[in-house]
Each structure stands twice: as structure tokens, then as C-alpha cells.
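Trainee: All letters in the sequence shown, in the order written, are residues -29 to -1, 1 to 120 by mature numbering (1 follows the signal peptide of the UniProt record, and there is no 0).
What the hints contain is simulated information worked out from the structure, not anything from laboratory work.
Where hints are given, some of them may not hold.
Capping the alpha-carbon separation at 30 Å, the derived lysine-lysine pairs in BS3-like fashion look like this [as the list claims (entries may be wrong)]:
{"no.": "1", "residue 1": "K49", "residue 2": "K116"}
{"no.": "2", "residue 1": "K116", "residue 2": "K23"}
{"no.": "3", "residue 1": "K49", "residue 2": "K99"}
{"no.": "4", "residue 1": "K23", "residue 2": "K63"}
{"no.": "5", "residue 1": "K97", "residue 2": "K6"}
{"no.": "6", "residue 1": "K116", "residue 2": "K97"}
{"no.": "7", "residue 1": "K49", "residue 2": "K32"}
{"no.": "8", "residue 1": "K116", "residue 2": "K32"}
{"no.": "9", "residue 1": "K116", "residue 2": "K99"}
{"no.": "10", "residue 1": "K86", "residue 2": "K73"}
{"no.": "11", "residue 1": "K63", "residue 2": "K120"}
{"no.": "12", "residue 1": "K120", "residue 2": "K97"}
{"no.": "13", "residue 1": "K86", "residue 2": "K32"}
{"no.": "14", "residue 1": "K63", "residue 2": "K97"}
{"no.": "15", "residue 1": "K97", "residue 2": "K32"}
{"no.": "16", "residue 1": "K63", "residue 2": "K99"}
{"no.": "17", "residue 1": "K23", "residue 2": "K6"}
{"no.": "18", "residue 1": "K32", "residue 2": "K6"}
{"no.": "19", "residue 1": "K99", "residue 2": "K86"}
{"no.": "20", "residue 1": "K6", "residue 2": "K116"}
{"no.": "21", "residue 1": "K6", "residue 2": "K73"}
Derived Cβ-Cβ restraints for the label pairs, each shown as a range [unchecked claim]:
{"no.": "22", "residue 1": "T11", "residue 2": "S34", "range": "35 to 45 Å"}
{"no.": "23", "residue 1": "E19", "residue 2": "T61", "range": "20 to 30 Å"}
{"no.": "24", "residue 1": "K6", "residue 2": "P40", "range": "29 to 39 Å"}
{"no.": "25", "residue 1": "S34", "residue 2": "G85", "range": "16 to 26 Å"}
{"no.": "26", "residue 1": "P40", "residue 2": "N84", "range": "24 to 34 Å"}
{"no.": "27", "residue 1": "E42", "residue 2": "D103", "range": "12 to 22 Å"}
{"no.": "28", "residue 1": "T87", "residue 2": "T52", "range": "19 to 29 Å"}
{"no.": "29", "residue 1": "D95", "residue 2": "A37", "range": "15 to 25 Å"}
{"no.": "30", "residue 1": "D72", "residue 2": "V33", "range": "40 to 50 Å"}
We put the CB at the ideal spot given by N, CA and C, even for glycine.
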Amino acid sequence: MRQTRFVRALMVPGIILAFLCGLTGTASAESKNDKVFSATVTDAQGIESEVKNVHFYWEEKVSETAFVPHELRHVPVKRGTATVNVKFDTIKQIDIKPASDKGLPTLLITLTNGKTGEFGLAIDGKFKGESDFGEVELPAGGLRKVVFK
């Protein structure tokens, strides 16, 4: 009985220490991946919006009534048959050409290093973020330009 209390007395601080170490590791890993991006977005009508905490959003249909939301810090585009995930921190500007039919638009992406490429959007999604007036949702097909800051 005495030994059991001793073991329990040692286990509680050990569990607390392990929990705190786990939190610290998770917090540092999340801070690296959760960089906040801002952009000036111009829609098809020529209206500019300043958007903070920009992410690319799409919903994956799992069943007739269930969807899985995805908030990405990259833009999924098609290059031939490959899907390329162009990270926001490498993008300077995206010029968007509307699709001719109900297809997805074409993106002309200019990187921060000056390279450019033309790609088809891989997933029908939208850019979401915060404006001074509240949450903003901008369908990619309804945009002309996204300039990252």
C-alpha cells in the first residue's frame, strides 16, 4: 500500500511534465506552419479588397450530406497531369483568366523570385480571410488578381 502511494506520487508529476512537453512541441510546430498571409484581391468587377489571414478553401464531399473543409496555405494547380501545390510564401501575384465554360479558371502565377507559370486551377475553391468589415469569401472563378503582401 505504501509503495503504491509512492508510485502514484511519482506518476502525477511525470504525467504533467509529459503533457507540458507535448504542448510545447505542438505549439512550436504549429507556429511554423500557421504563417498569416495578407493580400489585395481584385474581383471580376474591378473591386479591390484588403484581406488578412488569407487561405485557399475548399470542401471535400464525403457523402451526400457530409463535407470535409480544407483551409490551405497554398494553391493547388494542374501542370499536365500533375497537381502542384504552390505555397503562398513563394507567390508574389496571381492573375486569373476566367474559364470559357463551366470549367476552372487559368492562373498566371508570378513567384517572388520572378519566375512565372500558367496553370489550370486543380480544385474549385475560394480565397477566404478577414477584411476590416468581417469574413470574406471570394470564389477563385470570380477574381481577376491576388497580390500577396
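Trainee: Of all the hints given earlier, name the ones this structure violates by number, lowest first.
Mentor: Hints 13, 21, 24, 25, 30 contradicted; others consistent.
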